[in-house]
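Following the hints, position chain G against chain F.
Just so you know, the protein sequences line up as chains F and G, in that order. Letter by letter, the first sequence follows residues 6 to 287 of my numbering. Letter by letter, the second sequence follows residues 6 to 287 of my numbering.
Check before you lean on any hint, since a few could be wrong.
Identical chains blur together in the list; that is why a pair holds if it fits in one copy or across any two.
[As the list claims (entries may be wrong)] DSS-like mimics (lysine-lysine), calculated; alpha carbons at most 30 Å apart, straight line:
| # | residue 1 | residue 2 |
| --- | --- | --- |
| 1 | LYS240 | LYS275 |
| 2 | LYS174 | LYS26 |
| 3 | LYS26 | LYS91 |
| 4 | LYS101 | LYS263 |
| 5 | LYS233 | LYS27 |
| 6 | LYS26 | LYS7 |
| 7 | LYS275 | LYS81 |
| 8 | LYS174 | LYS27 |
| 9 | LYS20 | LYS174 |
| 10 | LYS21 | LYS163 |
| 11 | LYS101 | LYS91 |
| 12 | LYS26 | LYS14 |
In case anyone wonders, no lab produced these hints; they're calculated from the structure.
2 protein chains.
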Amino acid sequence: MKVVVDPQKLSNEVKKFKGRKKTIGFVPTMGALHHGHLSLIKQAVRDNQKVVVSIFVNPAQFGPQEDLKKYPRSLKKDLKQCLKAKVDLVFVPDAKDMYPQGHITFIEAGKLGQQLCGISRPGHFRGVVTIVAKLLNLVDPDVLYLGQKDAQQAIIIKKMVNDLNFPVKVKIMPTVREKDGLALSSRNVYLNQEQRKDARVLSEALSFAKLLIANGQRNTARIIEKMKQLINRKKHAKINYVAVVDLEELQNLKKINKNCLIALSVRFGKTRLIDNEIISYV
Amino acid sequence: MKVVVDPQKLSNEVKKFKGRKKTIGFVPTMGALHHGHLSLIKQAVRDNQKVVVSIFVNPAQFGPQEDLKKYPRSLKKDLKQCLKAKVDLVFVPDAKDMYPQGHITFIEAGKLGQQLCGISRPGHFRGVVTIVAKLLNLVDPDVLYLGQKDAQQAIIIKKMVNDLNFPVKVKIMPTVREKDGLALSSRNVYLNQEQRKDARVLSEALSFAKLLIANGQRNTARIIEKMKQLINRKKHAKINYVAVVDLEELQNLKKINKNCLIALSVRFGKTRLIDNEIISYV
Numbered sequence: 006m007k008v009v010v011d012p013q014k015l016s017n018e019v020k021k022f023k024g025r026k027k028t029i030g031f032v033p034t035m036g037a038l039h040h041g042h043l044s045l046i047k048q049a050v051r052d053n054q055k056v057v058v059s060i061f062v063n064p065a066q067f068g069p070q071e072d073l074k075k076y077p078r079s080l081k082k083d084l085k086q087c088l089k090a091k092v093d094l095v096f097v098p099d100a101k102d103m104y105p106q107g108h109i110t111f112i113e114a115g116k117l118g119q120q121l122c123g124i125s126r127p128g129h130f131r132g133v134v135t136i137v138a139k140l141l142n143l144v145d146p147d148v149l150y151l152g153q154k155d156a157q158q159a160i161i162i163k164k165m166v167n168d169l170n171f172p173v174k175v176k177i178m179p180t181v182r183e184k185d186g187l188a189l190s191s192r193n194v195y196l197n198q199e200q201r202k203d204a205r206v207l208s209e210a211l212s213f214a215k216l217l218i219a220n221g222q223r224n225t226a227r228i229i230e231k232m233k234q235l236i237n238r239k240k241h242a243k244i245n246y247v248a249v250v251d252l253e254e255l256q257n258l259k260k261i262n263k264n265c266l267i268a269l270s271v272r273f274g275k276t277r278l279i280d281n282e283i284i285s286y287v
Numbered sequence: 006m007k008v009v010v011d012p013q014k015l016s017n018e019v020k021k022f023k024g025r026k027k028t029i030g031f032v033p034t035m036g037a038l039h040h041g042h043l044s045l046i047k048q049a050v051r052d053n054q055k056v057v058v059s060i061f062v063n064p065a066q067f068g069p070q071e072d073l074k075k076y077p078r079s080l081k082k083d084l085k086q087c088l089k090a091k092v093d094l095v096f097v098p099d100a101k102d103m104y105p106q107g108h109i110t111f112i113e114a115g116k117l118g119q120q121l122c123g124i125s126r127p128g129h130f131r132g133v134v135t136i137v138a139k140l141l142n143l144v145d146p147d148v149l150y151l152g153q154k155d156a157q158q159a160i161i162i163k164k165m166v167n168d169l170n171f172p173v174k175v176k177i178m179p180t181v182r183e184k185d186g187l188a189l190s191s192r193n194v195y196l197n198q199e200q201r202k203d204a205r206v207l208s209e210a211l212s213f214a215k216l217l218i219a220n221g222q223r224n225t226a227r228i229i230e231k232m233k234q235l236i237n238r239k240k241h242a243k244i245n246y247v248a249v250v251d252l253e254e255l256q257n258l259k260k261i262n263k264n265c266l267i268a269l270s271v272r273f274g275k276t277r278l279i280d281n282e283i284i285s286y287v
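If we strip away everything but chain F, and leave its shape as in the complex, we get:
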């Protein structure tokens, strides 16, 4: 397994793969790898002859008040996990090489980036799609692997790939969860014991919503109200949003009359967690 820091060197390595007509699977990450990331990596290894993982805590997607500095970093452990999973190349660039002085070009995700998490994180998805575009240009993969856990991110990146004609297939893999239902997230390590216990309510609220829908409820305001009631019972939970939106434009739905996304964001202390479920309309 090669570990490459220099973007130019990455391009050269990738060209070697291409020269040998290998298909490349690519998993972009911010490190602090957990079983969610590993499920993407394993799928990439199954599907492709070469797999590239990037580990880069992208400053452009953090707001000034956010956790860029204290975002969990565990490079050594991450590299061991990549090696074990048979990754071919890990790209660990420096911020100064990804955003050299004078960098001014950014990709705007439009209104998709202004809904849900975009409301309280202005500029976040701009940073996300810009770094993904840069990485796609450097890695030139055949398949890009993303996690369903960050549903809005996955939808926006897929849209960017289509809108800008990036020659890559996007594969979105299911959310991996703890036994009690909590979606895996690198930020879960921020939680203290009590917050961790309360954080189960995210997946519980989603399951409850699915149950309501299975029982015929189609009114999204009612569903959201019930979810909020459930979440608000937890002492450490502060709701950021609970929303039911369509899958194309992420617009709030009044009635469930098509496939949709139930998404929520809840703070536990200073830790912002998200979770979601896709509802297939039948």
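Frame of chain F, contents of chain G only:
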């Protein structure tokens, strides 16, 4: 020579070139080809084993009051010229395929796109870099050829290519001029006889500026004033801007103390013409 309309088909054709390890030169145009375009195409043919030309009047770079509808189109003649120049593939997409309904992703050129022509053409360079990024993803060329005539555009595209790590070399070719100095432009056909005569003043003003600089003038306000005086003597000329800017950030310079760009935009009737010279500081 192949003529391709469908973006997906273009990608397939390009993959064949790639499979045979051919280098690809790419010349993006809006058609109405003149000797300026042809100088780019000829250079691309000299440098590469395969040459792709795109002909697409890109709606995203025209303002609502601009000349999208009446922009000159001469597809048949353009194709003949491409054939004669030994172009391998001409891509002539439809707007509905390049911007399908729901397209929302755009690339922002930042402050570079807000200076010079960007002041009176808000959104223009956003449209330019977005379509070029899309075409780069579709064509995947080794070398991209641009004309010095559109200096701001060339500088912004080069910046976008670097900032977003597009794996392509950018080659900027000199402006091609009529005998009397007028820079070739597809929009020159809009000029009536009197306007055409007056339009010589663009290159005359630039030559005058170069003369002033050669004689030791370093004060840009003086140089600009003299240029404006010269232009204003022409009955049909209405100055949009005359500027002396640095080559990296396109910021106005007070003194010529480094390499710089003298750029001007002048209207003749409804026709907006631009021209420029790069000044090497010695």
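Status of each hint after checking the structure:
no.: 1; hint: LYS240 to LYS275; result: within (14 Å within a copy, 67 Å between copies)
no.: 2; hint: LYS174 to LYS26; result: both (17 Å within a copy, 23 Å between copies)
no.: 3; hint: LYS26 to LYS91; result: both (19 Å within a copy, 29 Å between copies)
no.: 4; hint: LYS101 to LYS263; result: between (45 Å within a copy, 26 Å between copies)
no.: 5; hint: LYS233 to LYS27; result: neither (49 Å within a copy, 59 Å between copies)
no.: 6; hint: LYS26 to LYS7; result: both (19 Å within a copy, 25 Å between copies)
no.: 7; hint: LYS275 to LYS81; result: within (27 Å within a copy, 64 Å between copies)
no.: 8; hint: LYS174 to LYS27; result: both (15 Å within a copy, 24 Å between copies)
no.: 9; hint: LYS20 to LYS174; result: both (19 Å within a copy, 15 Å between copies)
no.: 10; hint: LYS21 to LYS163; result: both (27 Å within a copy, 26 Å between copies)
no.: 11; hint: LYS101 to LYS91; result: within (29 Å within a copy, 43 Å between copies)
no.: 12; hint: LYS26 to LYS14; result: both (19 Å within a copy, 21 Å between copies)
Hint violations for this structure: number 5 only, all remaining hints satisfied.
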